[in-house]
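Residue numbers (the numbering used here), protein chains in the order written: chain S, 514 to 671; chain B, 514 to 671.
A hint or two may mislead.
Each pair may be met inside one copy or between any two copies, as identical chains are not told apart.
Subject to a maximum C-alpha distance of 25 Å in a straight line, what follows is the list of computed PhoX-like cross-link-like pairs (lysine-lysine) [as the list claims (entries may be wrong)]: (1) 597 <-> 536; (2) 564 <-> 589; (3) 631 <-> 564; (4) 555 <-> 589; (5) 597 <-> 564; (6) 555 <-> 574; (7) 574 <-> 589; (8) 597 <-> 519; (9) 520 <-> 631; (10) 536 <-> 564.
Hints in this document: simulated from the structure, not taken from any laboratory.
Number of protein chains: 2
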Amino acid sequence: MDEQAKKTALRMIPYGLYVLGTKDGDRVTASTINWLTQVSFKPPLIAMGIKTDTEGFQHLKNAGDFALSILGAGQKDMAFAFFKPTEPDGDAINGHRFETLATGAPVFLDAPAWVEGKVTDIVERGDHGVVVAEVTGAGVRRESPTLTLSECGVFYGG
Amino acid sequence: MDEQAKKTALRMIPYGLYVLGTKDGDRVTASTINWLTQVSFKPPLIAMGIKTDTEGFQHLKNAGDFALSILGAGQKDMAFAFFKPTEPDGDAINGHRFETLATGAPVFLDAPAWVEGKVTDIVERGDHGVVVAEVTGAGVRRESPTLTLSECGVFYGG
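If we strip away everything but chain S, and leave its shape as in the complex, we get (with noise of 0.2 Å):
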């Protein structure tokens, strides 16, 4: 295979930013994730890639609860700040406020929109899992474009 065209046409497939909230007893989490897409209408299911050696996978695979803060444009800085370790502080991980909803995931107050969920399967193959999951709830706070991974300027992919 020619590793440089498989990276160049992987990082052709376009991205939004997602700030990936996740519990586990009374331990929350949020990581900035990319590889997500719809999977079904009907039930609603996504699919997301996963880094494994991460608390947030863990938290996963043992719950199965999470919440997705879908990220705005302009709202880089938010993105950069859930792709370094998190660290709870009261109602803010990293400096941003957030509050829980019925799966007990942190939601970010900041974002525009956000979904819940529940995984219903995992494939494990690869250094990112595949988690496939159900949406059970949704919220809308403003309009607004997503952020994008061009927006930020920079791959995750290839």
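Once you have looked at the hints, place chain B on chain S.
Then chain B, alone, in the frame of chain S:
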């Protein structure tokens, strides 16, 4: 669940457009898809949501080989050509010429880039199946931004 919020939130996920070419025995087919994300670097895996009542999905289940032609900005007509049933005619399908490479699945000449792959896992839980596949080949014909669902002015999600 707030159904309108679910629709709005899920429609915030940005998508590119791809022509999925499949082959099963002597039969080839092609269809436009958008539910696609990378899900692992090593090995290079992607996940796609594919409508289960389609010939393409049956090919993926039976044979496992496929090609994805990544459409470029401005190729909306080509995307729409493969929303309808496909009719191979020599080296063209629905008026668009293709070649076959390692997998035997159609790779379209006008697309700026392509990947070929082999299905590794399928999760069947909704109206679309989650098809996980390893990328086994790739090529780039020219540099181009990717055609997006947003550029086409349509939604497929929510």
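Hints and how they fare:
1. 597 <-> 536: Cα proximity of residue 597 and residue 536: one copy only (18 Å, versus 43 Å across).
2. 564 <-> 589: within (21 Å within a copy, 34 Å between copies)
3. 631 <-> 564: both (18 Å within a copy, 22 Å between copies)
4. 555 <-> 589: Cα proximity of residue 555 and residue 589: none, with 32 Å in one copy and 27 Å across.
5. 597 <-> 564: within (13 Å within a copy, 37 Å between copies)
6. 555 <-> 574: The answer is both: 23 Å in one copy and 21 Å across copies each meet 25 Å.
7. 574 <-> 589: Close neither inside one copy (28 Å) nor across copies (40 Å); limit 25 Å.
8. 597 <-> 519: Close neither inside one copy (28 Å) nor across copies (29 Å); limit 25 Å.
9. 520 <-> 631: Close across copies (17 Å), not inside one copy (32 Å); limit 25 Å.
10. 536 <-> 564: Only inside one copy: residue 536 and residue 564 sit 16 Å apart there, 32 Å across copies, limit 25 Å.
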